[in-house]
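Trainee: The chain contents come next:
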Amino acid sequence: MSLLRKRSLPSERLAFNFLLFLVGALFCVLALRLWFLQVYKGDYYLQKAQDNLQRRQHIYAPRGLFLDRDGSLLAVNEPSYSLALVREDAPDIERTLKQISKWTGMPLEELSKEFGRGRRMVRSFENQILVSNLCFDVLARVETDAPYWPGVKVVVQPRRKYLQGEVLSHVLGYVAQANEQELAADPDLRLGDNVGKQGLEFAMEKTLRGRKGLKQLEVDASGRILREHTLVQPESGQDLYLSIDLDLQTYIFSVMQGKTGAVVVMDADSGQVLAMVSTPGYDNNKFVYGITGTQWTNLIENPHHPLRNRSIQNAYPPGSVFKPLMAALALEQPSIRAEEQIFCSGSYRLGNRVFRCWQGHGRVDMNRALVESCDTYFYQLGEKLGVDRISTFSLESGLGRQTGISLPFERSGLIPTREWKRQRFNDAWRGGDNLNLAIGQGFTQVTPLQMTRLTAAIANGGNLYRPSLLLDEKKLDPQPLPWKKETLEFIYQAMLDTVEKERGTARRLRTKDVQVGGKTGTAQVVRLMPEHKEDDPEAVEYWLRHHAWMISFAVNEDKRIAVTALVEHGGSGSSAAGPVIRDVYDFIFSGKQESPQAAIQDD
Amino acid sequence: MIDRQLILHMNWAMLALVVLLFAIGVLNLYSASAYRIGEGTTLTPFYNKQLVWGLVGAAAMGLVMLFDYRHLKLAAWYVYAVALILLVCVHFWGTSIYGAQRWLSFGFFSFQPSEMVKISALILTAYILSRIEHPLNFNDLGKIFVIAIIPVLLVIKQPDLGSGLMILFLIGGIVLYHGIDKKLSKVLLVLVPLHLPLGWFFLHDYQKTRLLSFLDPTQDPLGSGYHLIQSQIAVGSGGFWGKGFMEGTQSQLRFLPEKHTDFAFSVFGEEWGFAGAIILLLLFCVFLYQILSVSQEAKDRFGSLICVGVFFYFFWQVLVNMGMVLGLLPVVGIPLPFISYGGTSAMVNFIMVGLVLNISMRRYMFKS
Chain A
0 MSLLRKRSLP
10 SERLAFNFLL
20 FLVGALFCVL
30 ALRLWFLQVY
40 KGDYYLQKAQ
50 DNLQRRQHIY
60 APRGLFLDRD
70 GSLLAVNEPS
80 YSLALVREDA
90 PDIERTLKQI
100 SKWTGMPLEE
110 LSKEFGRGRR
120 MVRSFENQIL
130 VSNLCFDVLA
140 RVETDAPYWP
150 GVKVVVQPRR
160 KYLQGEVLSH
170 VLGYVAQANE
180 QELAADPDLR
190 LGDNVGKQGL
200 EFAMEKTLRG
210 RKGLKQLEVD
220 ASGRILREHT
230 LVQPESGQDL
240 YLSIDLDLQT
250 YIFSVMQGKT
260 GAVVVMDADS
270 GQVLAMVSTP
280 GYDNNKFVYG
290 ITGTQWTNLI
300 ENPHHPLRNR
310 SIQNAYPPGS
320 VFKPLMAALA
330 LEQPSIRAEE
340 QIFCSGSYRL
350 GNRVFRCWQG
360 HGRVDMNRAL
370 VESCDTYFYQ
380 LGEKLGVDRI
390 STFSLESGLG
400 RQTGISLPFE
410 RSGLIPTREW
420 KRQRFNDAWR
430 GGDNLNLAIG
440 QGFTQVTPLQ
450 MTRLTAAIAN
460 GGNLYRPSLL
470 LDEKKLDPQP
480 LPWKKETLEF
490 IYQAMLDTVE
500 KERGTARRLR
510 TKDVQVGGKT
520 GTAQVVRLMP
530 EHKEDDPEAV
540 EYWLRHHAWM
550 ISFAVNEDKR
560 IAVTALVEHG
570 GSGSSAAGPV
580 IRDVYDFIFS
590 GKQESPQAAI
600 QDD
Chain B
0 MIDRQLILHM
10 NWAMLALVVL
20 LFAIGVLNLY
30 SASAYRIGEG
40 TTLTPFYNKQ
50 LVWGLVGAAA
60 MGLVMLFDYR
70 HLKLAAWYVY
80 AVALILLVCV
90 HFWGTSIYGA
100 QRWLSFGFFS
110 FQPSEMVKIS
120 ALILTAYILS
130 RIEHPLNFND
140 LGKIFVIAII
150 PVLLVIKQPD
160 LGSGLMILFL
170 IGGIVLYHGI
180 DKKLSKVLLV
190 LVPLHLPLGW
200 FFLHDYQKTR
210 LLSFLDPTQD
220 PLGSGYHLIQ
230 SQIAVGSGGF
240 WGKGFMEGTQ
250 SQLRFLPEKH
260 TDFAFSVFGE
270 EWGFAGAIIL
280 LLLFCVFLYQ
290 ILSVSQEAKD
300 RFGSLICVGV
310 FFYFFWQVLV
320 NMGMVLGLLP
330 VVGIPLPFIS
340 YGGTSAMVNF
350 IMVGLVLNIS
360 MRRYMFKS
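Heads up: the sequence lines are chains A and B, in that order. Using numbering that gives the first Met the number 0, read the first sequence as starting at 0 and increasing by one per residue. Using numbering that gives the first Met the number 0, read the second sequence as starting at 0 and increasing by one per residue.
No lab work stands behind these hints: they were computed from the structure. Even for Gly, the Cβ is constructed at its ideal location relative to N, Cα and C. A few of these clues could be false.
[Stated by the list, open to error] Calculated Cβ distances over 12 Å to all of chain A for the following chain B residues:
(1) L5
(2) V87
(3) F201
(4) L210
(5) T248
(6) F273
(7) L279
(8) L281
(9) L291
[To be verified] Listed next, the in silico BS3-like pairs over lysine-lysine satisfying Cα-Cα at most 30 Å (straight line):
(10) A:K40 x B:K181
(11) B:K207 x A:K47
(12) A:K40 x A:K112
(13) A:K474 x A:K484
(14) A:K97 x B:K156
(15) A:K160 x A:K214
(16) A:K484 x A:K473
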């Protein structure tokens, strides 16, 4: 066999062993790595592989609708198309953004900013909505080109639509895209979601929103969807029936056109608000579409503040509509009798100050003082009763504090006290303050809704209801008005007389077959110069004119309602606010809702 | 020429192993060529093309086994020269695919001279070294170096860095196996590490990004790091038992790139799991061991050195490909023998095996 033995070098024999070692090492290293990847980290990579092919996507839940008390639609949802980006699918973000800018006409810097702002808030492989509310020609363009742009998606979202726009803008409020604080505070919200920002949309957000569903998509490497199944069904939000009567609301809104002010109509027996109008209104649909800078500036800089719900978010000096409350307080005192007469010469002297009445009434008792709105009578009541009793009584009667209606940002108004004046002005409460307080001037501020609630309580026998806007809102037990029965009856009668009597200031409210009571109010904005005493509205510059108030109730066999009208800078309550309520009663009791044409056809 | 002795001494074990590896490869390609569309799957015909190439390769292997390998000594220089000429021709008349000019088209088939050069350089080196019986000194190494560097540079120029380095490592392997003298080894120990960083400047940009993304694949997960990340996810998600044949989501849903060529082993790892992958790895190691055994049994040093060359040819490919698939090495376009799709590569693999079988069955032959 030695012949067969080849001559190999000693180094080659060594090398052979080394090569054997190499093979062993190769096996060991690769086997270890395989074990590490597949066994030790197997679950981790399995999850990664699942993440690759499974995408989770939310299914939008339709927001609950708003309907009026008769079921007419007020706010609905319509489909809207948004452009979204899945950044993990887009090979070149920069180029894709450029293309999106080309499609939509949105400047690239703005898009990049939006992208950078949102990317922290969107999970991997989730849609990040970049441009909302695509119009149809942009949508068509994107839909055609999107297959060539991996990662670009068109997402259908429900979008809010307010059918009546500004007629109900203050009641419904609006939804708009959630901002960063809202997103951070609510884990259910995703970038691009709409949330309620104002009005009932804000207050009832949780009820209206519903719960998003979840679906699982199986996709391939190019993001094409191969299979999908629903993991969680979406739960649509709850529909809400409002106590609002849409026809009435619309009608009042049309009556109030050109005026700045508020009208509240309340069912006196339940506290349900039948109409709540604040003018000027605003188109709340604009917020859903994403309000532009100029639109926003216009709204904010409008001196009439269209965004403000004047029935709860503005407080005004009540003027003479405060007088029924003063009279009631007086009647609660054993020392004061309604029949007692005082003499009104047209002014009242306190110390060396003279307080004017709007005319010389002669001898007046309490009933006449209310019916003809004699200031002098109430000056002397104010002097007798004093701030402490007046403010306590006012607060207990529901003025100067929130009514608890389910709307956000309600103002409480103000009922002044000694303590308040000391803190606010570092000044003592003076006798003259009592007199101003007694006729609803000075520091006192109330909202139209507070006055309506009080009027309703006078009409329903002394129950202060929490005003409600929703038909099925949980009723709280009404608070009793701290008035004696006789007091209540007296005030009720006096307000009826204000309408019925020849010299009553609210006589224009007389309505056939309906018991109507009322009280006018003319609240001074600034102390007027003597030459304007005659109160000719046209002679005074708009912003200096009085606010016109009228509170009123109407009672017939079917219903008891309370109506308040406030017209800012309208002049006198009787001539500016009165006609508004007159129209409301005509509408409610004579069925004036028929258009003139329809009436002619009936003939 | 064929006598009973040769059939008797045929290395059946190695032949069976190679057939097994190739069969696994075709089976795996069958799965890798499928991808899901909706609820169904479609097949692209990679696997049957590979089957055809395998048959052609087996025929070539048979042909290589027919003659006594010692005749190759006479032809070594000529084959080498022809391969070089063809390589030069590629530069002028070659066909470009994916931006690399590697193919010579002869109408009915195209062919890569770079693969032929691997074989011819191997044989020539083995021939030269078999005549040197002392550890290599500076002159010897210089001669080998020149023989090696000409084809290497030509191949790298195509550009085909993978094949170029493969030739270099293959020849380097044989040289180190043969041994170098002490003085030379000291010089090389100092010089080679010093010159490695220079290589950076010869790399193409895409090769640089591949290297960089290997160091940190997460830096650009959709770009250059994508292959590495997705491959590891595929293999790792296979777990111990794998997802089952045709069930790999990474490959079926095309998250895995190049799944039938360079990343075929990822598909295998995903579908057959640790159990399957370790067995495949073991088969390769047994195969490598068999080649080494033949090198020890070979009748002369020429045969022995050829076997060592073939050993390195397969060793480097398994190491680099599996290393890449498992995320241990950067992405280099080196296929896994018998498993990755590729006609020319299958041909060369079979011819290489043919050489080893040739040497193995003639291990008892007397000098004729």
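Trainee: Take the hints in turn and mark each one as holding or not.
Mentor: Against the structure, the hints come out as follows:
{"no.": "1", "hint": "L5", "result": "holds, 16 Å"}
{"no.": "2", "hint": "V87", "result": "holds, 34 Å"}
{"no.": "3", "hint": "F201", "result": "holds, 27 Å"}
{"no.": "4", "hint": "L210", "result": "holds, 19 Å"}
{"no.": "5", "hint": "T248", "result": "violated, 5 Å"}
{"no.": "6", "hint": "F273", "result": "violated, 4 Å"}
{"no.": "7", "hint": "L279", "result": "violated, 10 Å"}
{"no.": "8", "hint": "L281", "result": "violated, 7 Å"}
{"no.": "9", "hint": "L291", "result": "violated, 6 Å"}
{"no.": "10", "hint": "A:K40 x B:K181", "result": "violated, 46 Å"}
{"no.": "11", "hint": "B:K207 x A:K47", "result": "holds, 27 Å"}
{"no.": "12", "hint": "A:K40 x A:K112", "result": "violated, 38 Å"}
{"no.": "13", "hint": "A:K474 x A:K484", "result": "holds, 24 Å"}
{"no.": "14", "hint": "A:K97 x B:K156", "result": "violated, 38 Å"}
{"no.": "15", "hint": "A:K160 x A:K214", "result": "holds, 26 Å"}
{"no.": "16", "hint": "A:K484 x A:K473", "result": "holds, 28 Å"}
Hint compliance for this structure: hints 5, 6, 7, 8, 9, 10, 12, 14 are broken, all remaining hints hold.
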